[in-house]
Amino acid sequence: MVVRVRIRPDMAIGRRAVAASISEEEAIIMSNSGRPLSPHLTIYRWPITMVLSILHRMTGVAMSIGLIVLAAWLMQTAAGPEAHLRFTYMMSTIVGQLLLIGWSFAFFFHAANGIRHLVWDTGRGFDKRQADRSAWFVVVFAVVVTAAFWWAAS
Amino acid sequence: MSLRSPLGRVLGLGSAKDGTDHWWAQRVSAVALLILGGWFGYSLIRLDSQTYLDVVRFIGQPLNAVLLALLSMTLAYHSYLGVQVVIEDYVHAPGTKVVSLLLSRFAHVFVAIAAVYAILVIGIGR
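Just so you know, the protein sequences line up as chains H and C, in that order. Using our numbering, the first residue of the first sequence is number 1, and each one after it goes up by one. Using our numbering, the first residue of the second sequence is number 1, and each one after it goes up by one.
Heads up, a few of these hints could be off.
[Said to hold, decoys possible] Label pairs and their in silico Cβ distance ranges: (1) C/S49 x H/I101: 16 to 24 Å; (2) H/I43 x C/D48: 48 to 56 Å; (3) C/H92 x H/T42: 15 to 23 Å; (4) H/W120 x C/A93: 50 to 58 Å; (5) H/F126 x C/D48: 22 to 30 Å; (6) C/V86 x H/T42: 43 to 51 Å; (7) C/R4 x H/S53: 35 to 43 Å; (8) C/Y90 x H/S38: 39 to 47 Å; (9) H/T42 x C/L70: 41 to 49 Å; (10) C/V99 x H/L118: 26 to 34 Å.
Derived from the structure by calculation, the hints contain no laboratory data. Even glycine gets a Cβ: it sits at the ideal position worked out from N, Cα and C.
With the sequences and hints as input, model every part of the structure.
What follows is the structure in structure tokens.
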């Protein structure tokens, strides 16, 4: 990562002046200054709970993009039969179908893991083994329901 | 350069004024989406086909139109809350952060209005 540092007049005065006038931006630059860090993310074998945590966020962002496509589906339908056909044609291509399968998986995964989060909000299920088990349940549930959904829809 | 200490600058300002609002709104919209999303998934399976006439007939049913509008708005709201947290977590430069948050809000409002308008057009006709 390239870090650009703006030199301001008060920086030249000395360490104390720099420290006193530090901004949020400069604090971040300092934290990336190449000083040694404790080993984290990159060296650990990912536990399943960690995988699900990042997947929850990734599926969420994916569906934020999918929301645009949902709105486009409605707008194209409102625009008339030709526009609607153009949309359904685009979605019937291999890329379109893969995207739809991806978004449906994202929905079922995010929903199931969201329920897992709601249970945590009540203070339950934080035990390490319980968290691992609910994580695997969510993964299996999302895969099975996605498959069932496409089987039922076809 | 200010001579006030960091503590001096924040004393008396109170809390961040935000409290648990964001967190709670995310949970409430999540529960709503479990219901609305479940209904939408079920409706997609029930829909005979994705052809123009079937889709228009489906949205032409008032209850479907209302639920679909609710789904679109709640999705946009929940999505906005989520994307906001993602931006706040990863975008640190103050300028880029404010611009990203603004663009995200504009995009989400646009998508929600577009969806609801389209549903009205299909349901009521032009």
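Right, here's what the structure says about each hint:
{"no.": "1", "hint": "C/S49 x H/I101: 16 to 24 Å", "result": "holds (18 Å)"}
{"no.": "2", "hint": "H/I43 x C/D48: 48 to 56 Å", "result": "holds (54 Å)"}
{"no.": "3", "hint": "C/H92 x H/T42: 15 to 23 Å", "result": "holds (20 Å)"}
{"no.": "4", "hint": "H/W120 x C/A93: 50 to 58 Å", "result": "violated (32 Å)"}
{"no.": "5", "hint": "H/F126 x C/D48: 22 to 30 Å", "result": "violated (45 Å)"}
{"no.": "6", "hint": "C/V86 x H/T42: 43 to 51 Å", "result": "violated (21 Å)"}
{"no.": "7", "hint": "C/R4 x H/S53: 35 to 43 Å", "result": "holds (39 Å)"}
{"no.": "8", "hint": "C/Y90 x H/S38: 39 to 47 Å", "result": "violated (20 Å)"}
{"no.": "9", "hint": "H/T42 x C/L70: 41 to 49 Å", "result": "holds (43 Å)"}
{"no.": "10", "hint": "C/V99 x H/L118: 26 to 34 Å", "result": "holds (33 Å)"}
Hints 4, 5, 6 and 8 from the list above are not met by this structure, while the remaining hints are.
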